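Based on these hints, arrange chain B on the given structure of chain A.
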Amino acid sequence: MSEKRETRHVYGEALLEAGRLNDRIAVLDADLYRSTRTVLFRDAFPERFVDMGISEMDMASTAAGLAASGMIPYVNTFAMFITAHCYDQIRIQICYPNLHVVLAGSSAGLTQGPDGASHQSLEDIALMRALPHMRVLVPADGIETRAMTLAATSDIDGPVYLRLGRYPVPDVLPADYAHVLGRAPWLREGEDVSIIACGHMVSAALDAADLLAGQGLSAAVVNMSSIKPLDTDAVQRAMAAPLVVTVEEHSIIGGLGGAVAEVMAETGGRSSRLLRLGTCDVFGESATADELLDKHGLTPTGIAASISRAMGQQ
Amino acid sequence: MAVRDIDALRERAAELRTEIIRMMGANKAHHFGGSLSAADLVAALYFSRMKYDPARPDWPERDRFIMSKGHCVPAQYAALAMLGVFPREELATLKQLGTRLQGHPASHLLPGIEGCTGSLGQGLSFANGMALAGRMKGLYYDVYCLIGDGETQEGQIWEAIRTAAVQCLGNVTAILDRNGLKAMDTSYCGKDLAGLDAKFEAFGWYVREIDGHDMSEICDALDWAHETTDAPCLIVARTVKGKGVPFMEGVPDYHNVALTPEQVTEALAAVQSGRGPAKEA
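Protein chains in written order, with the working numbering: chain A, 1 to 314; chain B, 1 to 281.
One thing to keep in mind: the hints can contain errors.
[As the list claims (entries may be wrong)] Computed, partial: chain A to chain B, Cβ under 7 Å: (1) S55; (2) G65; (3) Y96.
The hints are simulated quantities; they were obtained by calculation from the structure and are not laboratory data. Nothing here was measured: the structure is a model prediction, and the numbers come from that model. Where is the CB? At the ideal position from N, CA and C, for every residue including glycine.
Chain A extracted, bound-state conformation (with noise of 0.2 Å):
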């Protein structure tokens, strides 16, 4: 087992190697810089970090002015302020051009812990994954961290969305791994049951696959980390089994069941069911970030129990 990484950390070490690379990144934060990691960035590149304060709207805006005069803006906050406050900034004057703008929000999902519901973003997927030309990015671990932020560069021209956490995970993908835009890995084989997975729920699943296994149930695991555009076509062989699970620390409306769901109902011929595990149309609450996956029941052993579960109701 690796050493376990939160992924906004290995995002700030990757934005500086990725500022190393291309002089046209420039880098805007709204006073968290220490928590977004882009003070690495700042102190190697002073003059391409722009501190906006506490103006998110503000610094939305002035990234899509950035990228329309040639620089490559990484913008940073908590993904829920990045995505839900700034909505209207990045749908006309981000995603409407197309312009080249990496969102990176930072501490998404229910492991943003102790904050409570105003900081816990769990619909944010669904927001951006409604915009035209956005791209949805959820790493993993620390390894497809370090590849997405470097792609979000040198792999795409548009309008790009990363959620990262403050969880740490251990790295599941191997230290050789490519990211190809909308290629989901497949992690793990299996006939019983295909659980699609993303972010930190990726680790999750493959320690439920685990548990699973001591009980005779077979589990594939694929890490679905690219929500838009989606690889229909690992939705369609996790088909092959007869009960699907997604996992996500996210709403399951909208986000990365609400985009399988979509695939399966247009996909004929199959007879697969779906069973969606995330937060359930509630708010989060304030605890630690343990606390709240095992309410939601988003550990491994609650995604393995959820599964048993929907087993034997088959």
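Showing chain B alone in chain A's frame:
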């Protein structure tokens, strides 16, 4: 290409108003009032002040103009077409299915449009971003941003005002089209503009107030803003909504309205007579 002849600029402004009325035409609702109030300012920018090559609207060192009150973009469309950035005939496609001339500016569709606006309050932040990019890339150019007076009720405008000052964006100039009317009425919902000059100054801007239909004053103020490089400048341009068309002037009903064919004829005659743009008329 710069025209310093004030009389010639007035003629260009009258021509610009003519194009606005023509492209809007009869029987369809359009934003006449605000487009006409901004016409002299837009003419002075594109036909005199701005460093701009119509053959290369994406020239990295060009001066930039952002129509933050995006519904008044027909004034910018007219200027760009008159410069030859795109064919004049295309003005007639305004807001029609498949057109590059959307109801609000679409920079990915039409050359010469710098950014997408239409949701009020966002253009000045965008202008700041363009100015910051120039600084980061070592290019020097001016960025002009036209904001509506009603638009200053948007909170984001004040975030952007602060950013421009804190970042010392001396190449940013905001022009406030102070036509005194909003979409519905003149009331400002109690959020009126008293003391606006002092508010900008308190945020670290230089402020100058002018008659926004006096071409000499406009040109002098734009030169002043260009030469001021240590802080952003605000030009408060006192204007008349619907300027140049007597039956529209100062009447809120002409914010977004459809004219009859007879009204179009009357409006064209009025702007072509030069009654509108010339101060002494």
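Quiz item: Checking against the hints above, which ones are violated?
Solution: Every hint satisfied by this model.
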